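**Student:** Quick note, the sequences are listed as chains A and B, same order. The numbers in the working numbering rise by one with no breaks, and the one at position 28 of the first sequence is 28. To convert, take the position in the second sequence, counting from 1, and add 449; that gives the working numbering.
Simulated from the structure, these hints should not be mistaken for laboratory data. Treat the numbers as computed from the prediction; the structure is a model and nothing was measured. Everything hinted at is true.
BS3-like mimics (lysine-lysine), calculated; alpha carbons at most 25 Å apart, straight line:
1) A:K25 to A:K162
2) B:K743 to A:K204
3) B:K887 to B:K906
4) B:K743 to A:K212
5) B:K676 to B:K688
6) B:K812 to A:K204
7) A:K204 to B:K780
8) A:K143 to A:K162
9) A:K143 to A:K24
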Amino acid sequence: MATEVVIPMLGVTIETGIIVEWLKKEGDPVQKGESLFVVEADKVVTEVEAPASGILAKILLPVGQKVPVLTVVAIITEPGEALPKEYGEPPAAGRSANASVEARNHGAEPVTEPAKVRKPLPQTVPDGPPRAVPAARKLAREKGIDLARVQGSGPEGVILYKDVATAVKSAHVAASRLARQAAERSGIGLEGIAGSGVRGRIMKSDVARAIKEAAAPHLGKVVQMDRMRQVIARRMAESAFTAPHIHFFTELRMDALLSFRQQVLQDFENRYRLRPSINDFLIKAAALTIRDFPLMNATLRGEEIHILPEINICLAVALPGGLITPAIPSADQCGLSEIVRQREDLVRRARAGTLNIDEIERGTFTISSLAQYDITHFTAILNPPQSGILSVGKTRSQLELNNGQVVSVQTCMLGLSVDHRVIDGAMAAEFLQSLKWRLEKPTFSFLHV
Amino acid sequence: MIYDLAIVGSGPGGYTAAICAAREGMRVLLVERDRLGGTCLNRGCIPTKSYYYDAKLFHAARSSDVLLNNSHIAVDFAKMLERKRRVVGTLCRGLEHIIHSHGITVAVGQGDLLSPREIRITPHGSEPYQVRAANIILATGSRPTVPRGFTVDGRIVQTTDEALNSPDLPQQVVIIGAGVIGIEMASIYINLGARVSLIEMLPDILFTEDADVRAAMREILIRRGAKVHLESVVLEISKSEEEAMVLFKNAAGEVLEEPADRVLLATGRSPVLDGLDVNRLDMAFSGRFVRVDKRMRTSISGVYAIGDLVGGMMLAHKAAAEGEAAVADLKGVSRPVQPHRIPRCIWGLAEIGAIGLTEEEAKAARPRIRVSRFPYQASGAAHALGETDGFVKLIGDPESGEILGVHIIGAHATELISEASTAMSLEAFVEDLCEGIKPHPTVSETLSEAALNWNNKAVHLPASRWPR
Numbered sequence: 001m002a003t004e005v006v007i008p009m010l011g012v013t014i015e016t017g018i019i020v021e022w023l024k025k026e027g028d029p030v031q032k033g034e035s036l037f038v039v040e041a042d043k044v045v046t047e048v049e050a051p052a053s054g055i056l057a058k059i060l061l062p063v064g065q066k067v068p069v070l071t072v073v074a075i076i077t078e079p080g081e082a083l084p085k086e087y088g089e090p091p092a093a094g095r096s097a098n099a100s101v102e103a104r105n106h107g108a109e110p111v112t113e114p115a116k117v118r119k120p121l122p123q124t125v126p127d128g129p130p131r132a133v134p135a136a137r138k139l140a141r142e143k144g145i146d147l148a149r150v151q152g153s154g155p156e157g158v159i160l161y162k163d164v165a166t167a168v169k170s171a172h173v174a175a176s177r178l179a180r181q182a183a184e185r186s187g188i189g190l191e192g193i194a195g196s197g198v199r200g201r202i203m204k205s206d207v208a209r210a211i212k213e214a215a216a217p218h219l220g221k222v223v224q225m226d227r228m229r230q231v232i233a234r235r236m237a238e239s240a241f242t243a244p245h246i247h248f249f250t251e252l253r254m255d256a257l258l259s260f261r262q263q264v265l266q267d268f269e270n271r272y273r274l275r276p277s278i279n280d281f282l283i284k285a286a287a288l289t290i291r292d293f294p295l296m297n298a299t300l301r302g303e304e305i306h307i308l309p310e311i312n313i314c315l316a317v318a319l320p321g322g323l324i325t326p327a328i329p330s331a332d333q334c335g336l337s338e339i340v341r342q343r344e345d346l347v348r349r350a351r352a353g354t355l356n357i358d359e360i361e362r363g364t365f366t367i368s369s370l371a372q373y374d375i376t377h378f379t380a381i382l383n384p385p386q387s388g389i390l391s392v393g394k395t396r397s398q399l400e401l402n403n404g405q406v407v408s409v410q411t412c413m414l415g416l417s418v419d420h421r422v423i424d425g426a427m428a429a430e431f432l433q434s435l436k437w438r439l440e441k442p443t444f445s446f447l448h449v
Numbered sequence: 450m451i452y453d454l455a456i457v458g459s460g461p462g463g464y465t466a467a468i469c470a471a472r473e474g475m476r477v478l479l480v481e482r483d484r485l486g487g488t489c490l491n492r493g494c495i496p497t498k499s500y501y502y503d504a505k506l507f508h509a510a511r512s513s514d515v516l517l518n519n520s521h522i523a524v525d526f527a528k529m530l531e532r533k534r535r536v537v538g539t540l541c542r543g544l545e546h547i548i549h550s551h552g553i554t555v556a557v558g559q560g561d562l563l564s565p566r567e568i569r570i571t572p573h574g575s576e577p578y579q580v581r582a583a584n585i586i587l588a589t590g591s592r593p594t595v596p597r598g599f600t601v602d603g604r605i606v607q608t609t610d611e612a613l614n615s616p617d618l619p620q621q622v623v624i625i626g627a628g629v630i631g632i633e634m635a636s637i638y639i640n641l642g643a644r645v646s647l648i649e650m651l652p653d654i655l656f657t658e659d660a661d662v663r664a665a666m667r668e669i670l671i672r673r674g675a676k677v678h679l680e681s682v683v684l685e686i687s688k689s690e691e692e693a694m695v696l697f698k699n700a701a702g703e704v705l706e707e708p709a710d711r712v713l714l715a716t717g718r719s720p721v722l723d724g725l726d727v728n729r730l731d732m733a734f735s736g737r738f739v740r741v742d743k744r745m746r747t748s749i750s751g752v753y754a755i756g757d758l759v760g761g762m763m764l765a766h767k768a769a770a771e772g773e774a775a776v777a778d779l780k781g782v783s784r785p786v787q788p789h790r791i792p793r794c795i796w797g798l799a800e801i802g803a804i805g806l807t808e809e810e811a812k813a814a815r816p817r818i819r820v821s822r823f824p825y826q827a828s829g830a831a832h833a834l835g836e837t838d839g840f841v842k843l844i845g846d847p848e849s850g851e852i853l854g855v856h857i858i859g860a861h862a863t864e865l866i867s868e869a870s871t872a873m874s875l876e877a878f879v880e881d882l883c884e885g886i887k888p889h890p891t892v893s894e895t896l897s898e899a900a901l902n903w904n905n906k907a908v909h910l911p912a913s914r915w916p917r
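Okay, chain B solo, but in the shape it has when bound (with noise of 0.2 Å):
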């Protein structure tokens, strides 16, 4: 049987695609190694929220001025792995089922693209066979990044993949890398109790965001304790039998070194190119990753490829869309993702959620630009809740009125940045994000008093007390 449609990865991108071509009538299959879902189901967004959010009620508690004894309150690690692994269970199961009501074919084994139709598989333990498809989707993801250098054990040394099945929890973390992932994961850690120190090459953290984004959140983790490292370099990682010490070179150009029981090594994502012969298939490339068009087509006829693999912003609804593109594609149909209208949500100690432009960017791309905000101090929900840390950011274009950035920093802020997707998405005003009617008591309003503050209207602000 050729199939119509092969895909090798079953990630956020590979099964979206699977699920989409089999909505229309394809023939497919879809390859996978290890457990459908990839790495956000398996070793990425979902098990780092799960601890993520089981992390955050513990440091609520634990800082609560109204629960009684919630000193000694304590945090059973391995319940909160065991809750990980049951959430992913969960999932994963659904996903499968999900995959079969559709009618996908699943071949587990490493899928190796032989020729722009065929594909080798090649299952644990058994016998190779080799498939045909009339078109092949590549999704095999990423992995994290080891610097030349180091080493990872899995034990003091770890990458997110060791981390996140980890059964022990550190006391004192050094996070080298802080950008995404190294933020989320300080996070978890200084909600649990840990000491971090984050040790970052960049100028910034977060080094893509807005810069008062950045600033917010570098603040926040200083006040929660957190020593903040930029500019620096790792020299060198030495261990003994239950500890390690970082040396590292600072801004300054002082070497200095941070001890600690734990390593994590958060210094970015490489594509997987497993089952891709490189020399042999002549694909083109940009520079690590694979080069496609906005169509997600590569340089062979017939393959396309999509997610991490071909680089951009390593996130699981990019992945989505691109797969939806690439079988959109399939059908004839353009369907380009735009990189400006994928919203970025980063679950720090304080949420964020954005999307387009930051400041910086808009003030290149267009000759005027206006900027508004509305802090969650001005907010009642965000009191009620008792998070009023936080704002949102809002630039628009003067002229016509376009959202070009939205950048919200506090209290589900990565819910809140949907509503700016849409608006972005419905091409809405400025204007448009405060026409409909919010419920109160929510953070929602902020988006909407922000859209009002950008001429000047917001009413939970006293006159010209915020300027835009």
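Excised from the complex, chain A in its bound form (with noise of 0.2 Å):
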């Protein structure tokens, strides 16, 4: 018949328990009275007894987890006997007593008596014997281990069954008598430390890299940040924690806007050797769109908004380690060639890195556009000390309702971003939705031109 290991009760007081070490493994034979498991409950730290001899079949108890005392944290079979199959999977948290009801109408042998607890351990002592639980200190009697140059990992600093373990192994490593010293106040055992030293002798230096990979663990390459990524990471950071982001989106119809690009292409082609792109359409639009809400193209200082008078549009360049964001100046006033044309060679030299100062810094509102990847939209941080950033996803085709017919569409979803502090969410809806009616009524917008 299979015994089931529950958490006893530790005291009238005492409602939960966690098992801070197993000390038999799953498959392991044990004997009745033999220490099973260590358990903490309220500060109290003790071995538990197994109940029963056989094999120790299953641990449903991991170890770290708090549950109720009496809570089934293990099975033990007779030699031979299968594992009853409703202990087959371990749940989460173990099983409580009261789930186990239903497992006893299974064949499980009814607990009859709590799992014996061996005496609590005493409390730490300043300067007294080190605390240990008595696998540990038998352990550390067999293998000549001083307990008191043991680091132990149980709650409190209890030296439990594993860190001595750690302890004998550590003892056939060749290390430095400082290196050894180092390793065992910080816990972590000597095995698999490379040493340094002569004849790979572990040093202190040694032990001292060690700690710091397994207190940063999986790391993996380290990779100095260059100039313009400390940059990037600096004014992203101040942007994300200082100005307060609204985002807004809305769809775009393109198709107006595509056929309109489509007409004048030739003519830009054959007059001025540009092609315009639709960004050059979304800076030309936006430049106008912020003459009717100047506070787009404000910048807060202190406790002043101040409006600036030249509305300079950035576009957001990729660049290998990085990005870039080149402002087109006074883009509300130049005519279409003259926005192609610039950002035509601000793009290059960007990409060149040949752009000079004023032109990265003089921007007063940017343009952010993810549209040749598969991105339907995005929110954007902006790009300090601006107030407003416009996120630009891929143009996609849709269905659409149209008067009783269903049509092919063309959109594209348009994302604002904008420094609550400066602006509220009525005027950055208002904005958008403006930009929105520009970009729609192409041939109408660009009249004004």
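Using the hints, build the complex out of the two chains.
**Tutor:** Now the structure itself:
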């Protein structure tokens, strides 16, 4: 018959316990009365004895989870006996004794008595002998390990079996005295540490490195930030954590703009040898709309909002190690051909790394487009000290109901992020709507240019 | 032929690197414009020690209570010079043999670094030629610094270069600079019977050493009749045919003068940059010295620099350790030389052996330190030797037991410090220093006793008479 092992009643007031160490593995033979696991409850640490002899068939409760006392934490079966199938998969946090009532009807022996508790360990005494679970003491005695030099990893520094086991392994590794001491004090094992000393002897610095690596595991490769990365990191963090962002989205009908571009394309190529992109129309339309919403062109300085006289539109340009935002100056006053020319020049020089400071810093509003990616929409972080940034997703085909007819339309998601300290939701919404109107009626809008 | 490694300079740094590299199977070229062995063998460590022991023997004989007629003992300075030359000659020949036995090519001539892979060698009186090497170690060393405004005539005003080959013995010596070189030369002159005055700009002699050691050395110097002028600046050296007068301003601002028939400039050493076209090569410097990283790499890829050229402690064994570190880096192994693991030895009127942090440095570096001492007065061996001046001072971290610094002044201190060096390189505890059984009667017991005393357990001290 299988025997359930429970966390015993540890005292009248104690309701929960945490297993800090299993002294046996699944599949190990156990003798009744032998220590099975170490449990901590209200800072009392005790070893719990096996309630029956047999095989520790299943551990149901892993180390470190707090559960009520009398929770079933393991099953001991008789040699040759199969594990009752209801214990096949361990539940995440063990089983409560109540839940196991059902299990009893399926063949497990009822818990007649809780598992026996060994004497609780003494509380810490300064400069006294170190606190260790009896199994750890036994192992230390067998292997000649001085418990005073073992760092306990149990609650309140109690030395567990595994701590002594680690010390036993370390004892056979070549290490300097200071290295051994440093390892013992930090509770890490010496085995596996690469030694830089003579014949691979582990030195203090090797242990220091191992401690550092253990503290920051899986850091992987360290990449030093270059200057651009540092600037991006600093500016983006500053923007994200000082300017309260609000985000707005509107779906733009692109058909009119796309066909308008097709109409002017040939003319531009012939006349100026330029190819206007959708971005150029966006730049122009945004600049014109900002004229009507001057706060979109503002920057916050202390207690003052400064509305900037020039409307200089930045375009975010992706570079191999980061991105840069050169600005087209007075874009509201430029003809479209001038915008195309400037945009081409700035993007080319951004990639060549030959922009000057003014071209990077003069911007008052930014457009960031990921239209060439399969990205429908995204929220952009403001380019400080600016108060608005437009994010542009990909253009896609959608079906729309138009006068009872299903028609295919081209749409694009336009996002706007603004600094709520400067711009409120209603104004941002009006701005975005106005921009949308402009872009959806390009012939009309760009007549004013 | 392209060498795997070319080394410019064959001092202890250069030749150690050459031998290590040859042992690793590299094709090595060693360029030397003078004699193999560099300053250490020809103009530094070895010649001064030959003089030092002769002078010490003379003083011991003269001041002995048990020799008869010893007031008539005189020193034959020509013989001293001859013995020094013989010692140097023997060691140079030995070194030459070792170098050749390793298949190292030696090129005699001035070596100039032309590019990261090329050296131009100009032998004396013949045409220059160029050699190529995959890697280059610069180990050109240092030469005595002559402060601006002073002229070395080689006869009355000298640096150690001239002093060690001088045919006659001075009677009254003024040594400008009371650092390691000044103190060692002072001990030679004093033991040979000359009157010595030391003039030092800094507030103390041997300024980088532990304060207790400095005080002990100062006390011995004064007891032996030396004049020690600290915080003093030399204003002028005026010379006549046979004599000089050194005019200086002392700490109190008084202008004083010291007569001398010999003035020794011991104001430090400057790196030899003769073969380095600093402007063309774009090599990075730290002050006067070539800048290197922990692996002894200069700012020029494939070019290393070691020894006095890179500054720090200007010691032969430091240069040798750096030579090993540079060769280790060529093999892809990092073996940085830790400054606190380099022993410092000074052959003064008493020997000094020191390693690690001074008490002052240790206090700054650690939250808590513990210092213990053991006096030579309590050593049977020191009494039998008749040299009871001195002590061992041990500084450790009471928390971890780490040995932070060991400072010994007294007989055989320069030998004794090796034990501390070994213990520290093994990262031993203070207590390990007294774990091994020491032979009796030897002064090596003093270090053990100091380690015992660190835990108030010294055997040859009365109970709590000597505070830690």
